[in-house]
Amino acid sequence: MITARILHRQAQNRMTGTAPRVHGLPMLEVSDVVKRYGDVLALDGCSLRVPAGHLVGLLGPNGAGKTTLMRTLFGLVRPDGGTVRWHGRPVDWCTWRRFGYMPEERGLYPGMRVAEQIAYFGRLSGLSSRDAAAAAGRWMDQLGLASRQDSRIDRLSHGNQQRVQLAVALVHDPDLLVLDEPFAGLDPVAVDALAGLMHELCEAGTTVLFSSHQLDLVEHLCEDVVILDKGRVVLAGRLSELRARAPRRRLEVTLAKDAGERWWERWSPALPGAAVVDGDARRVRLTVDRSVDLEKVMAEAKSTAEVVRFDFEPPSLSEIFRQAVRS
Amino acid sequence: MNGGTGPAGVWWGLVLVARRELAMRVRSTAFRVSTILLVAAAVAGIAVAAALLRHPQRFTVAITAQAPPAVAAAVRADGSAAGLKITAVTAAGRAAAVRSVEQGRVTAAVAAGGEIIWKAGPSSTLHPVLNAAVQQAIISQRAASLGLSEGATARLLAPVQIPVTQLHSQGQRTAKSAIAYISVLLLYLAIATYGSYVLTGVVEEKSNRVVEVLLSRVPPASLLGGKIAGIGLAALAQFLAVAAAAMATLLVTRPSGLPPGTLAAIPALVLWFVAGFAFYSMLYGSLGSLASRAEDAQAAAGPVIALVAGIYVLAIMAMGNPGAGWVTIVSMLPPTAPIIMPLRSALVTVPAWQIVAAVTLMLAAICFLFLAGGRLYQNAVLHTGARLRLREAWRGEPARPAHR
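Chains H and P are the protein sequences, given in the same order. Mapping of the first sequence onto the numbering used here: residues 1 to 327, in sequence order. Mapping of the second sequence onto the numbering used here: residues 1 to 404, in sequence order.
The hints are simulated quantities; they were obtained by calculation from the structure and are not laboratory data. The structure presented is a predicted model; accordingly, all values stated were derived computationally and were not measured. You can take every hint at face value.
Pulled a few chain P residues facing chain H out of the computed Cβ check, cut under 8 Å: (1) Leu16; (2) Arg20; (3) Arg209; (4) Glu212; (5) Val213; (6) Leu215; (7) Val218; (8) Pro219; (9) Leu382.
To give an idea of the interface, some chain P residues facing chain H are shown, with a C-beta separation under 10 Å as derived from the structure: (10) Gly9; (11) Ser28; (12) Glu205; (13) Asn208; (14) Val210; (15) Val211; (16) Leu214; (17) Arg217.
Idealized CB from N, CA, C, for every residue including glycine.
Build out the structure end to end from the sequences listed, making use of the hints.
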């Protein structure tokens, strides 16, 4: 599902070893934000920092507080406690003008025409009418809406409505772009296009925060993730670091020939924290603690038969996510 | 970069929202068609009324050969004295006269012995004239048979000049009532129609979720204030078009019996409309924000819809007795003043202090509503799902958020 374009870009980043960031200091700082709805605690001392120009995935099970947190960033929800800062200053209408938001519940004026609608939201974000019209034109071109600029929103296909929604969030070239479930309901081609655009925006210096349940997608798209559960941040940071720091590892051993049933049981019970995922006469997959002695495992396996494949990997994002949310 | 924080930012957003609302309204076919129809109705209504007032009423009366001799002359004379134009035609006999009345060729007929023949009930305008003419003709006959000379009879029957003082002319009273009723109707329709536009506008923005995108850019005060201002300006434009058409038609046709001050009452009507709209649209908008779906809108705004309808009924009651104490009181209180005060002003002379009191109370009420309604709106407008209760919205603690 991920475009070749993004994989290519990630490969490039890996080769240079550094992400092309201009600023590294946290731009968005959420500190101890509490929001209570009656007897429901939606945010329970939520804190996170998003560095400038980063693409951050906000993950969490349903009801974790993702939407409330996003609304708090825009002042749509007034927190009962805590602060939200941008460039070290508490957010206000001045900063919100420089933010772009695409809520999960998409909404546009159905009777308004595409160009007019995008320009109107640009005006609301402080653009002059000329700048707003120009920006609307630019985004319509970029998002492939140019031929529909005079169509009413309610005459557009679902996909095109999504594009207008995105153009509305982007029309004023925001410094911070917040997208709530931007990939929900998109076809694979549209997912690729959006993912590519998010990457381009980030490289141009925009800070992007988005929520998603599509963990594979997030894993390929972002370098930073924040995992929210029950209104608290349970895990946050560079995905590569989170994976490296994870206490568990995936271990997979494949032999050249059949070695009988449960051939691994000769050595696996002695490994620290070992749990078998699955296995057959030639292959076994298990999870073990990070501290496992690989030389020893390799030697044991070799004593059974020739080893044709030996994988020792940090857990995937979905494993990290499940671990973080379960505990 | 324009606008910013604080009141300037609120104002910037408000102007933009208002401009959009105004443009969308004015562009709609419904607005254009209704404006044309209302202007046409105002012009036609006034022109027709003026034409009716200028031309005397016309009647044709059949008089048989057997009727008292001087009846025809008396009918014409008394008719013109009463401001009617009566044509007397001769009928061959009673049967022919009855036929003419029956077929509607004449309004009434006079036959032998002064018998007056009507198709159904006697016309209230024509009956006194015919009655007097027949009386006069028969009395002349009797006077002649008693030996009175023609000159003596004429002196005897010469009209008695009774001095009459009319405090209000009948025509003026009718015109005043008509003006009062039209004022009430216009104000009621304009407030109810445009208030409900604010209601549906607020609920639509909630139900199609655009409100969340909007509120990430402009404060709730800009959004509600701009909506009310934009729709209000569209309403005002329509109201002004109708008022201007009405004033122009009045100036051109100059109908007789128009009470003095009618022209001056029209700008006052416009100002009362502005005050009434500001007050009620704020109620419609803030209560509307409690609903999330179009189906709930009417229920959420039920109290204000009932209030506006109740005031219309009150106004109709007040027309019957505009001098009553309760009318004086309700004409000064905020919820009722915008409709009852113009009504009272059209019918009786209102002391200046009462008008000042009504306007002051109204402005205070509007300020209060903008604060209280704004709070309700701000708390309720992002809530989705079941209709919020007033108390929940006031406290800003929706028990069950749709999203967390």
